[in-house]
Amino acid sequence: MSETDLGMMDAGQLVALFKAGKASPVEATEAALERIERFNDSVNAYVYVDHEGARHAAHASARRWGQGNPAGPVDGVPVSLKDLTEVAGMPAREGSLTVPDSLCEKDAPPARRLREAGAVLLGKTNSPEFGWKAVTDNRVYGATANPWDTRLTPGGSSGGAATAAALNMGVLHQGGDSGGSIRIPAAFTGVFGFKPTFGWTPQWPPAKEPTLSHIGPLTRNVPDAARMLNVIGRYDFSDPYAVRGQPDDWGVDLNTDLRGLRIAYSADLGYAQVDPQIAERVREAAERLEALGAEIVEIDPGFASPIDIFRRLWFTASLELWSQCDEKQRAQLDPGLLANARHAEGWSAVDLFRAQADRARLTLELEHFNQSYHLLMTPSVPIEPFAINHEVPPGSGMRDWEEWAPFSYPFNLSQQPAASVPCGFTSNGMPVGFQLAGGKYDDIRVLRACHAYMEAHPPRFPAMPDPTWQG
0 MSETDLGMMD
10 AGQLVALFKA
20 GKASPVEATE
30 AALERIERFN
40 DSVNAYVYVD
50 HEGARHAAHA
60 SARRWGQGNP
70 AGPVDGVPVS
80 LKDLTEVAGM
90 PAREGSLTVP
100 DSLCEKDAPP
110 ARRLREAGAV
120 LLGKTNSPEF
130 GWKAVTDNRV
140 YGATANPWDT
150 RLTPGGSSGG
160 AATAAALNMG
170 VLHQGGDSGG
180 SIRIPAAFTG
190 VFGFKPTFGW
200 TPQWPPAKEP
210 TLSHIGPLTR
220 NVPDAARMLN
230 VIGRYDFSDP
240 YAVRGQPDDW
250 GVDLNTDLRG
260 LRIAYSADLG
270 YAQVDPQIAE
280 RVREAAERLE
290 ALGAEIVEID
300 PGFASPIDIF
310 RRLWFTASLE
320 LWSQCDEKQR
330 AQLDPGLLAN
340 ARHAEGWSAV
350 DLFRAQADRA
360 RLTLELEHFN
370 QSYHLLMTPS
380 VPIEPFAINH
390 EVPPGSGMRD
400 WEEWAPFSYP
410 FNLSQQPAAS
420 VPCGFTSNGM
430 PVGFQLAGGK
440 YDDIRVLRAC
450 HAYMEAHPPR
460 FPAMPDPTWQ
470 G
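Each residue of the sequence shown is one higher than the one before, counting from 0 in numbering that gives the first Met the number 0.
Bear in mind the hints are in silico, worked out from the structure with no lab data behind them. C-beta: ideal position from N, C-alpha, C; glycine also. Hints should not be assumed to be uniformly reliable.
[As the list claims (entries may be wrong)] So the derived label-pair ranges between C-beta atoms look like this:
1) V349 to D465: 44 to 54 angstroms
2) S371 to E319: 37 to 47 angstroms
3) L102 to V251: 30 to 40 angstroms
[Unchecked claim] DMTMM-like, lysine to aspartate or glutamate: derived pairs with alpha carbons at most 20 angstroms apart:
4) K439 to D248
5) K207 to D325
6) K439 to D238
7) K105 to E51
8) K439 to D252
9) K327 to D100
10) K439 to D235
11) K439 to E364
12) K207 to D238
13) K18 to D4
14) K439 to E366
15) K207 to D350
16) K105 to D235
17) K207 to E319
18) K18 to E115
With the sequences and hints as input, model every part of the structure.
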């Protein structure tokens, strides 16, 4: 078995080889590090790689496997953590010049759980400053490129994780999603991304707007995501927003067919503008789900665009961050983040209170809708990836990212589970994804439908990025 072969494998395949004694976590780790070395200069997915720590963890894993005593379902599997997540012994600059370049002393819950389960922590993946926007660039590390076309953005804020997943620079990749930050880059790079029900994947320290933020996986398939969730998707008292009730096995229903599943399909939620090619790919995906046994009903859920609700919360979080900075730090902030903060200065406490009330009504509408339909299907993103180092498509006339990502943040407001599933390509060769969202705590059903689709229609991934991109 060559290192290149191991570098192409998923977590299930690697664990089976470790168990049979046909491959070692040391070999798998070296294969992952070799792919990072080969590809990262072209895409800037990783902002920190812990070669020594990864190799030490891999040797410890090999000893456990040799003794027949693995620490968990991801023992020896190479993983990455988003730069916003604290990992002991690694920096967490959060893409910001205002954050010191020091090493963290403690693991955040996802890092601790993965480490305890024997995963090999490779390093940190890129994010925009504090994860504030849906593309991935910052003043500390620069921009991450889309592996399908390095002139374009991979989306964000988990753009580094998505690009790493597309190129298998490591196998399991942790992202965070406060308004689409897992699902948007998953769609733009052609991988699977899943945002679990709020509180089921604990985090700490909190995101800048903690009630919107969900921790989840970006992977090449659904079983790998479920395997990762079986580790990080456990109650943790250190997160005051964490809730109990997670499934014992997140993948318990992956092999169940789609008969009896009622899926509402909305091409535009009644208010979004969608690129015709993306609309066509997503409609084809709906027909494929129907062919797999699901009942597809074309219907809009009936709520108005919640962009103003989301902005009241999101921009106020930026204002709170800005208020904690001194004058020097304020000058170091991303200009777009700063603009959001200053925009929120004119709002009152009553405005924020009303936004919270409107959010509750939206959640009620969506939960009520899910009493008639098991899942809601939409495009993940209505546009193709656009030029790197831009927050919005150049020439579009848009002001900020929420305008081109109307399908994602409604389900952060409602705190419901949602996933992006790859479903083909545009004529430009860029990936398209469809979104499946479910009612709160119905994560198993979302994963079941996503897996059925991907098993019947396997995605393809880039062999390598464009080597000419200079960052």
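Results for each hint:
Against the hinted window of 44 to 54 angstroms, the Cβ-Cβ separation of V349 and D465 comes to about 51 angstroms, which satisfies the hint. Separation of S371 from E319 is about 38 angstroms and conforms to the stated range, judged on CB atoms against 37 to 47 angstroms. Separation of L102 from V251 is about 38 angstroms and conforms to the stated range, judged on CB atoms against 30 to 40 angstroms. A distance of roughly 17 angstroms separates the Cα atoms of K439 and D248; the hinted pair therefore holds under the 20 angstroms criterion.
Only pairs whose Cα atoms come within 20 angstroms are accepted, and K207 paired with D325 is accepted, the gap being roughly 18 angstroms. Restraint check for K439 and D238: the C-alpha separation of about 19 angstroms stays at or below 20 angstroms, so the hint holds. Distance hint between K105 and E51 is fulfilled; the C-alpha atoms sit about 18 angstroms from each other, no more than 20 angstroms. The suggested pairing of K439 with D252 holds, with an alpha-carbon distance near 17 angstroms, which does not exceed 20 angstroms.
For the proposed pair K327 and D100, the alpha carbon gap of about 17 angstroms is at most 20 angstroms, so the pair holds. Note on K439 and D235: the hinted pairing holds, with a Cα-Cα distance of about 19 angstroms set against a maximum of 20 angstroms. Distance hint between K439 and E364 is fulfilled; the C-alpha atoms sit about 12 angstroms from each other, no more than 20 angstroms. Restraint check for K207 and D238: satisfied, since their Cα atoms lie roughly 14 angstroms apart, inside the 20 angstroms limit.
Our distance criterion of 20 angstroms between C-alpha atoms is met by K18 and D4, whose separation comes to about 17 angstroms. Among the hinted pairs, K439 with E366 is consistent with the structure: their alpha-carbon atoms are about 7 angstroms apart, no more than 20 angstroms. Of the pairs offered as hints, the one joining K207 and D350 holds, with about 19 angstroms between alpha carbons and a cut-off of 20 angstroms not exceeded. Between K105 and D235 the CA atoms are separated by roughly 15 angstroms; this keeps the pair inside 20 angstroms, and the hint holds.
The straight-line distance between the Cα atoms of K207 and E319 is roughly 9 angstroms, inside the 20 angstroms bound, and the hint therefore holds. Between K18 and E115, the direct Cα distance comes to roughly 18 angstroms. Compliance with the 20 angstroms bound is thereby established for this hinted pair.
The structure meets every hint from the earlier list without exception.
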